[in-house]
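Asks: Below, each chain spelled out in residue letters.
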Amino acid sequence: ETGVTQSPTHLIKTRGQQVTLRCSSQSGHNTVSWYQQALGQGPQFIFQYYREEENGRGNFPPRFSGLQFPNYSSELNVNALELDDSALYLCASSPGGAAQDTQYFGPGTRLTVL
Amino acid sequence: AQSVTQLGSHVSVSEGALVLLRCNYSSSVPPYLFWYVQYPNQGLQLLLKYTSAATLVKGINGFEAEFKKSETSFHLTKPSAHMSDAAEYFCAVRLTGNQFYFGTGTSLTVIP
Chain A
1 ETGVTQSPTH LIKTRGQQVT LRCSSQSGHN TVSWYQQALG QGPQFIFQYY
51 REEENGRGNF PPRFSGLQFP NYSSELNVNA LELDDSALYL CASSPGGAAQ
101 DTQYFGPGTR LTVL
Chain B
1 AQSVTQLGSH VSVSEGALVL LRCNYSSSVP PYLFWYVQYP NQGLQLLLKY
51 TSAATLVKGI NGFEAEFKKS ETSFHLTKPS AHMSDAAEYF CAVRLTGNQF
101 YFGTGTSLTV IP
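Each protein sequence line maps, in turn, to chains A and B. The first sequence lines up with residues 1 to 114 when you count with this note's numbering. The second sequence lines up with residues 1 to 112 when you count with this note's numbering.
Quick caveat, the hints were computed from the structure, so don't treat them as lab data. Take these hints with a grain of salt, some might be off.
[As the list claims (entries may be wrong)] A partial selection of chain B residues facing chain A, derived with a Cβ cut-off under 10 Å: (1) 13; (2) 20; (3) 36; (4) 104.
[As the list claims (entries may be wrong)] Examples of chain B residues lying across from chain A (beta carbon under 7 Å, computed): (5) 37; (6) 39; (7) 40; (8) 42; (9) 46; (10) 86; (11) 90; (12) 99; (13) 102; (14) 103.
Where a beta carbon is used, it is the ideal one built from N, C-alpha and C, also for glycine.
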């Protein structure tokens with residue numbers, strides 16, 4: 001069984017650019033959540049997708065957007081990058097449908113904005 | 001308002017000593033509580049979760065946590081620390097709307 005994978009591993013962008021991060025969910029999981037983890041902090045919830053629909057959003061501006069595809073893989077898009085967007089971006093998948101569902105995390109994408 | 005609070009951003013223990021990492025939750029949140037571990041440059045790995053089935057929850061790698069409603073706590077313990085336990089530990093709660101809220105983390109150092 002393949003776990004959650006994310007690409008790329010590392011990424012360097014400049015302020016004002018746009019970036020797309022990708023996530024493949026664990027087999028059988030229809031829910032994907034994205035988190036931003038700044039250095040020395042806990043992960044902060046960006047949003048969740050369930051069966052291709054946004055299913056909850058944290059306190060992030062609209063320039064953070066996402067997609068989920070029919071195979072339940074997902075993308076996180078960030079427009080107009082700012083220096084504070086530098087962080088580890090984590091994707092997590094879960095089976096969905098129950099409040100106690102465990103989330104399984106990918107290794108993350110390290111984004112550096114210069 | 002924060003939903004979970006981790007007391008102590010850094011904890012050091014000697015190898016073989018008891019590990020105690022503290023987590024308190026806001027009483028207003030539903031009691032779906034989790035502990036995750038993060039090794040350097042890696043994602044988060046689930047250690048254990050509380051879903052109201054039993055107040056004492058056993059997880060992987062010898063860790064366990066006890067849900068105490070009267071104290072609004074969900075502290076993580078391990079009887080004997082191992083060098084491989086050195087990592088960052090996060091307490092988390094699942095809120096309505098499917099959000100997970102994570103604490104700020106506790107860095108565990110194990111001294112040989």
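Asks: Compare the structure with each hint and give your call.
Replies: Hint-by-hint comparison with the structure:
With a least beta-carbon distance of about 21 Å to chain A, the hint placing residue 13/B at the interface is violated under the 10 Å criterion. Hint status for residue 20/B: violated, given a least beta-carbon distance of 19 Å to chain A, over 10 Å. Taking 10 Å as the C-beta cut-off, the interface hint given for residue 36/B holds, the closest approach to chain A being about 8 Å. Among the interface hints, the one on residue 104/B holds; its C-beta lies about 5 Å from the nearest C-beta in chain A, closer than the 10 Å criterion.
For the restraint placing residue 37/B at the interface with chain A, the shortest Cβ-Cβ distance is roughly 11 Å, beyond the 7 Å limit, so the hint is violated. Checking residue 39/B against chain A: minimum C-beta separation of about 10 Å lies over 7 Å; hint violated. Interface restraint check for residue 40/B: the shortest CB-CB distance to chain A comes to about 11 Å, outside 7 Å, so the restraint is violated. Against a cut-off of 7 Å between C-beta atoms, the interface hint on residue 42/B holds, since the closest Cβ of chain A lies about 6 Å away.
At about 6 Å, the closest approach between the beta carbon of residue 46/B and any beta carbon in chain A falls short of 7 Å, and the interface hint on this residue holds. Violation of the interface hint for residue 86/B is found here, the shortest Cβ-Cβ separation to chain A being roughly 16 Å, above the 7 Å cut-off. Because the closest C-beta pair between residue 90/B and chain A is about 5 Å apart, less than 7 Å, the hint holds. The criterion of a C-beta within 7 Å of any C-beta in chain A is met by residue 99/B, whose closest approach is roughly 5 Å, and the hint holds.
Interface hint at residue 102/B: satisfied, since its Cβ lies 4 Å from the closest Cβ of chain A, which is below the 7 Å cut-off. Annotation: interface hint on residue 103/B holds; nearest CB of chain A at approximately 5 Å, less than 7 Å.
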